[in-house]
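Enquirer: Protein sequence lines, in the order shown, are assigned to chains H and L. In terms of the working numbering, the first sequence opens at residue 380 and continues consecutively. In terms of the working numbering, the second sequence opens at residue 380 and continues consecutively.
Don't read these hints as lab results, they were simulated from the structure. Mixed in with the good hints, there may be bad ones.
Said to hold, decoys possible - Sample of chain H residues at the chain L side, in silico, Cβ under 8 Å: (1) Phe404; (2) Ile421; (3) Gly423; (4) Pro467.
Unchecked claim - Selected chain H positions facing chain L (in silico; Cβ < 10 Å): (5) Cys386; (6) Leu391; (7) Leu395; (8) Arg405; (9) Pro411; (10) Ile412; (11) Asn415; (12) Thr416; (13) Leu418; (14) Lys461; (15) Val468.
To be verified - DEER-style ranges, computed between Cβ atoms: (16) L:Leu452 / H:Ile466: 45 to 51 Å; (17) L:Gly410 / H:Ile454: 48 to 54 Å; (18) L:Pro411 / H:Lys426: 44 to 50 Å; (19) L:Val478 / H:Asp409: 37 to 43 Å; (20) L:Ser385 / H:Glu437: 23 to 29 Å; (21) L:Arg419 / H:Asp409: 15 to 21 Å; (22) L:Lys398 / H:Met457: 50 to 56 Å.
Yeah, the Cβ is synthetic: ideal placement off N, Cα and C, and Gly gets one too.
2 protein chains.
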Amino acid sequence: MESENSCPAEYLLKMLSGKWKPQIFRLALDGPIRFNTLLRQIEGSNKQSIAVALKELEEQSLLEKTIIQQKPLHIEYMLTEKGRTLIPVFQQLEHVVRVQ
Amino acid sequence: MESENSCPAEYLLKMLSGKWKPQIFRLALDGPIRFNTLLRQIEGSNKQSIAVALKELEEQSLLEKTIIQQKPLHIEYMLTEKGRTLIPVFQQLEHVVRVQ
DNA sequence: TTAGATGGTCAGGTTTTTCTGACTAATTGT
DNA sequence: ACAATTAGTCAGAAAAACCTGACCATCTAA
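Kindly produce the complete structure, drawing on both the sequences and the hints.
Expert: Below, the structure is given as structure tokens:
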């Protein structure tokens, strides 16, 4: 993933390319989310693909994984600061899609 | 290409998915553009892929093909009204990419 | 203690996307 | 007449993305 890129759409497209990333990212917009919740909410998806997508989103610093040391430890994925910079783009897109 | 879609990013991603579409679209933002110009300006691309991408962008009504009946007839691709609705998204993205 | 949930990994196969090279046809310049 | 440019198409191969099913470890509830 070369971050050097003169085309901003290509940048977003690369960041969120793949069959499940946009949906994962969108669900993460609503707050921290867990692996199996994603798996259940994204219909048609599968463990492997979600796992790979999450790993890549982490590597791109759009999501971060947190292990919560509690009775039954559980793992959460949430937007990073960088991830949150994409929120206005999503809002803009929502607007555009409504208008079209 | 099912246009039904609850996730706007997924919508954009679908519209502009593929290795060359974002770059084609971006070049088209600067005005009508020709096949061989795209081919030359997008390095690493090839005839076949550009041709397929252009056809799909046309089918999605983001670009339109115009045959200009002049001495040597030539063909131009330009943004449609629908395509132009994506301009603010690109601007937003440019801003975000600068900030990141 | 056994079943079910969470959060994965791994190998292998299938599907989708992309690329290469050859070919076409119209037009223009030399 | 011949080469070059434009604007493609097509078949087949290669590469990338995705899916399935099996497996694993930890924990909890029955």
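Enquirer: Compare the structure with each hint and give your call.
Expert: Status of the hints after comparison with the structure:
1. About 7 Å separates the beta-carbon of H:Phe404 from the nearest beta-carbon of chain L, less than 8 Å, and the hint is met.
2. The closest approach between the C-beta of H:Ile421 and any C-beta of chain L is roughly 10 Å, which is over the 8 Å cut-off, so the hint fails.
3. Of the supplied interface hints, the one on H:Gly423 is violated, with its beta-carbon coming no nearer than about 13 Å to a beta-carbon of chain L, more than 8 Å.
4. Taking 8 Å as the C-beta cut-off, the interface hint given for H:Pro467 holds, the closest approach to chain L being about 6 Å.
5. For the restraint placing H:Cys386 at the interface with chain L, the shortest Cβ-Cβ distance is roughly 5 Å, inside the 10 Å limit, so the hint holds.
6. Taking 10 Å as the C-beta contact cut-off toward chain L, the hint placing H:Leu391 at the interface holds, the least distance being around 6 Å.
7. With a cut of 10 Å, the hint placing H:Leu395 at the interface with chain L holds, because the nearest CB-to-CB distance is about 6 Å.
8. A cut of 10 Å between beta carbons decides the hint on H:Arg405: the least distance to chain L is about 5 Å, and the hint holds.
9. At its closest, the beta carbon of H:Pro411 sits 19 Å from a beta carbon of chain L; the interface hint therefore is violated under the 10 Å criterion.
10. Look at H:Ile412: its Cβ only gets to about 14 Å from chain L, farther than 10 Å, so that hint breaks.
11. Look at H:Asn415: its Cβ only gets to about 20 Å from chain L, farther than 10 Å, so that hint breaks.
12. Given the 10 Å rule on beta carbons, the hint for H:Thr416 is violated: about 16 Å separates it from the nearest Cβ of chain L.
13. Residue-level restraint check for H:Leu418 is violated (minimum Cβ-Cβ distance to chain L is 17 Å; threshold 10 Å).
14. Against a cut-off of 10 Å between C-beta atoms, the interface hint on H:Lys461 holds, since the closest Cβ of chain L lies about 6 Å away.
15. Restraint check, H:Val468 versus chain L: the minimum CB separation of about 5 Å is within 10 Å; hint holds.
16. In this structure the supplied range 45 to 51 Å holds for L:Leu452 paired with H:Ile466, their Cβ-Cβ distance being about 47 Å.
17. Restraint check, L:Gly410 to H:Ile454: a C-beta distance of roughly 49 Å satisfies the suggested window 48 to 54 Å.
18. At about 47 Å, the CB distance of L:Pro411 to H:Lys426 agrees with the hint of 44 to 50 Å.
19. Between L:Val478 and H:Asp409 the Cβ separation comes to about 23 Å, which falls outside the hinted range of 37 to 43 Å.
20. Taking the beta carbon of each, L:Ser385 and H:Glu437 are about 24 Å apart, inside 23 to 29 Å as hinted.
21. At about 45 Å, the beta-carbon gap between L:Arg419 and H:Asp409 misses the expected band of 15 to 21 Å.
22. The beta-carbon spacing between L:Lys398 and H:Met457, approximately 31 Å, falls outside the hinted interval of 50 to 56 Å.
Violation of the numbered hints given earlier is confined to hints 2, 3, 9, 10, 11, 12, 13, 19, 21 and 22; the remaining hints are satisfied by the structure.
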